[in-house]
Amino acid sequence: MVTPMTSQTTQLSAEQVGYLTAGPGRAAEAALARLIDAGLVRVSRDGLVTAVHSNNHGATTSVEARILSYSRTAVRFDTIVQSTANSTEMAQLHRHLLDRRLMQRPRRRHEAWWFSLAIAGGLVVLGFSTPAFFVGVPIALLFFAWQRGRGPVTKAGKEVLRPVSASDRVYAVALYGFCGKVGGHRVGDLFELSQSVVKMIPLKRQRARKSSSDGGGCGSASSCSSCGSGCGSSSSSCSSSSSSCSSSGSSCGGGGGCGGGGGGD
Amino acid sequence: MAGITDLGVGIGWRSEIDLTVERLPGVDFVEVVAENLHIGHLPESVTLLLERGIPVLPHAVSLSLGGADEVDLKRVQHLGEIAEAVGAPMVSDHVCFVRAGGLDSGHLMPVPRTKDALDVLVANVRLAQRNLPVPLALENVAALLEWPDGELSEGQFLAELVERTDCWLLVDVANLYANARNIGTDPERFLDEIPLERLAYVHVAGGEQHGDVYHDTHAHAVLPEVLGVLDELCSRVRPPGVLLERDDNYPSDTEIASELAAIRAVVDKHRG
Ligand SMILES: [Fe+2]
Chain B
1 MVTPMTSQTT
11 QLSAEQVGYL
21 TAGPGRAAEA
31 ALARLIDAGL
41 VRVSRDGLVT
51 AVHSNNHGAT
61 TSVEARILSY
71 SRTAVRFDTI
81 VQSTANSTEM
91 AQLHRHLLDR
101 RLMQRPRRRH
111 EAWWFSLAIA
121 GGLVVLGFST
131 PAFFVGVPIA
141 LLFFAWQRGR
151 GPVTKAGKEV
161 LRPVSASDRV
171 YAVALYGFCG
181 KVGGHRVGDL
191 FELSQSVVKM
201 IPLKRQRARK
211 SSSDGGGCGS
221 ASSCSSCGSG
231 CGSSSSSCSS
241 SSSSCSSSGS
251 SCGGGGGCGG
261 GGGGD
Chain G
1 MAGITDLGVG
11 IGWRSEIDLT
21 VERLPGVDFV
31 EVVAENLHIG
41 HLPESVTLLL
51 ERGIPVLPHA
61 VSLSLGGADE
71 VDLKRVQHLG
81 EIAEAVGAPM
91 VSDHVCFVRA
101 GGLDSGHLMP
111 VPRTKDALDV
121 LVANVRLAQR
131 NLPVPLALEN
141 VAALLEWPDG
151 ELSEGQFLAE
161 LVERTDCWLL
171 VDVANLYANA
181 RNIGTDPERF
191 LDEIPLERLA
201 YVHVAGGEQH
211 GDVYHDTHAH
221 AVLPEVLGVL
231 DELCSRVRPP
241 GVLLERDDNY
251 PSDTEIASEL
261 AAIRAVVDKH
271 RG
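Going line by line, the protein sequences match chains B and G. Our numbering puts the last residue of the first sequence at 265; the count rises by one with no breaks. Our numbering puts the last residue of the second sequence at 272; the count rises by one with no breaks.
Read the hints as simulated data drawn from the structure, not as lab findings. If you're wondering where the values come from, they're calculated on a predicted model, not measured in any experiment. We treat Cβ as the ideally placed atom computed from N, Cα and C, and that holds for glycine. It is possible that part of the hints are untrue.
Unchecked claim - Here are a few chain B residues that face chain G, going by a calculated C-beta distance under 7 Å:
{"no.": "1", "residue": "39"}
{"no.": "2", "residue": "44"}
{"no.": "3", "residue": "45"}
{"no.": "4", "residue": "48"}
{"no.": "5", "residue": "50"}
{"no.": "6", "residue": "52"}
{"no.": "7", "residue": "54"}
{"no.": "8", "residue": "74"}
Stated by the list, open to error - Label pairs and their calculated CB-CB ranges:
{"no.": "9", "chain 1": "G", "residue 1": "133", "chain 2": "B", "residue 2": "88", "range": "51 to 57 Å"}
{"no.": "10", "chain 1": "B", "residue 1": "88", "chain 2": "G", "residue 2": "235", "range": "54 to 60 Å"}
{"no.": "11", "chain 1": "B", "residue 1": "72", "chain 2": "G", "residue 2": "102", "range": "32 to 38 Å"}
{"no.": "12", "chain 1": "G", "residue 1": "131", "chain 2": "B", "residue 2": "192", "range": "38 to 44 Å"}
Claimed, not checked - According to the in silico footprint, chain B covers these stretches of chain G (three or more CB under 8 Å from chain B):
{"no.": "13", "stretch": "18–27"}
{"no.": "14", "stretch": "245–253"}
Build out the structure end to end from the sequences listed, making use of the hints.
See below:
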């Protein structure tokens, strides 16, 4: 697959796609990718990132401005991805996605878990007096399991991600990360980044939950090509059919590649 | 000097812009800061440039040959080893001191232009030359101050240094311009006085005017006036090489390429 160098027009910016696909680490990677693509930062062979201009020139988002100001003096590739993932600007992007109801607040998810567990507990107690209540216990537990399995990306979020594809190298990073693959090509290669640079992004333990939109990611190249419980095994299909991959949110977007670290929501 | 009669136009290789240097069209040679390289593991980019046949010249900043302290032969040895590792036809450092009384100045300090200071410099240069596998070129520095009781002009000082040590000259036209602006050096007289036949190559760099003082920052664009000094030099001699030094605030690849093109235009103008 030939990946054009220029960016596509979409409702979502690359960093938003990155966030929805694999969390703040991926969003940071996508923002960095946009800046490299535009020639606004350069990355050296040993992974030093430096801004080309000294005045945040060319930034189109606050996350990009943050990267540019942080890289006025050379900074390591992984450091800038991680620090951007943990920045207040990234938190703002998260809030924006919450406001647009493309993501849901973690607290609500937690509340739903506890609610279903409490119901199950209540049904058990009631079951001792009226055994018929026991019938409801597996239903409540199933509901709990379903809630646990739900990612932070809402139905609307998955819906808006559905048409997004790796139509250019920036969106390729948003969907698969620098250490992912698209159409059989390493995404890092599209940016002339060596594997040693790409591998700088630290390995983050995948969470048990499938969706990594909380920021979990995997950085080491060895695990990259197959990382993520959901996406990993299907990484080749991911790259060959990006749109179907990204749209399948819970399975693929949720397994998603190298998130580049960064805290969860 | 055999082997480096025509270096062409080059750029200072720096790790931050390694891929840029590799990509740039028309880079005929590069210079590396010797202190930043380590024997046994040269940067991948430097190895790649060598494989392409691009000459790599080690440039030192720490020999402190103008200082009264004993020359640190370990530094000289390191410079020589780097020269051998990259197959360089020559190495260079500055006419300056960077240490005194065990303290590091952090700057390239100008040497007092007295006969006594020249004797010390000559002795140090000879010692360094004896311990280097390739010829040594020495560069004029930018000075913000002049030591009192100078007995020689900068050109006379360098001419005598060349005569007594047989070293080569690395003329930095930006430093020459800086000295013209800051301490009143006459660039034309300087070029008249130095032995141009011993010119190894030329440095060009950017800087910035702050009030009355010109700062030789190597982090700003090359001023047209600096290219004017290069033009003056090229009208007298065909320099074996001209190299752009940029050490910080690296601009876009396009801007670097256009600075190299501007340098090449000045050089080519005199080649007829
Ligand atoms: Fe210089």
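We went through each hint and held it up to the structure:
1. Against a cut-off of 7 Å between C-beta atoms, the interface hint on residue 39 (chain B) holds, since the closest Cβ of chain G lies about 6 Å away.
2. Satisfaction of the interface hint for residue 44 (chain B) is found here, the shortest Cβ-Cβ separation to chain G being roughly 5 Å, below the 7 Å cut-off.
3. Hint status for residue 45 (chain B): holds, given a least beta-carbon distance of 5 Å to chain G, under 7 Å.
4. Restraint check, residue 48 (chain B) versus chain G: the minimum CB separation of about 5 Å is within 7 Å; hint holds.
5. Of the supplied interface hints, the one on residue 50 (chain B) holds, with its beta-carbon coming within about 5 Å of a beta-carbon of chain G, less than 7 Å.
6. With a cut of 7 Å, the hint placing residue 52 (chain B) at the interface with chain G holds, because the nearest CB-to-CB distance is about 5 Å.
7. Among the interface hints, the one on residue 54 (chain B) holds; its C-beta lies about 6 Å from the nearest C-beta in chain G, closer than the 7 Å criterion.
8. A hinted interface residue such as residue 74 (chain B) counts as satisfied when its beta carbon comes closer than 7 Å to some beta carbon of chain G; here the least separation is about 5 Å, so the hint holds.
9. Checked against the given bound of 51 to 57 Å, the beta carbons of residue 133 (chain G) and residue 88 (chain B), roughly 55 Å apart, stay inside it.
10. Separation of residue 88 (chain B) from residue 235 (chain G) is about 57 Å and conforms to the stated range, judged on CB atoms against 54 to 60 Å.
11. A hinted range of 32 to 38 Å holds for the C-beta pair residue 72 (chain B) and residue 102 (chain G), which are about 34 Å apart.
12. At about 40 Å, the CB distance of residue 131 (chain G) to residue 192 (chain B) agrees with the hint of 38 to 44 Å.
13. Under a criterion of three residues with beta carbons nearer than 8 Å to beta carbons of chain B, the stated coverage of the stretch 18–27 of chain G is upheld, 3 such residues being counted.
14. Proximity of the stretch 245–253 of chain G to chain B, defined as three or more residues with a beta carbon under 8 Å from a beta carbon of that chain, is established by the 5 residues found.
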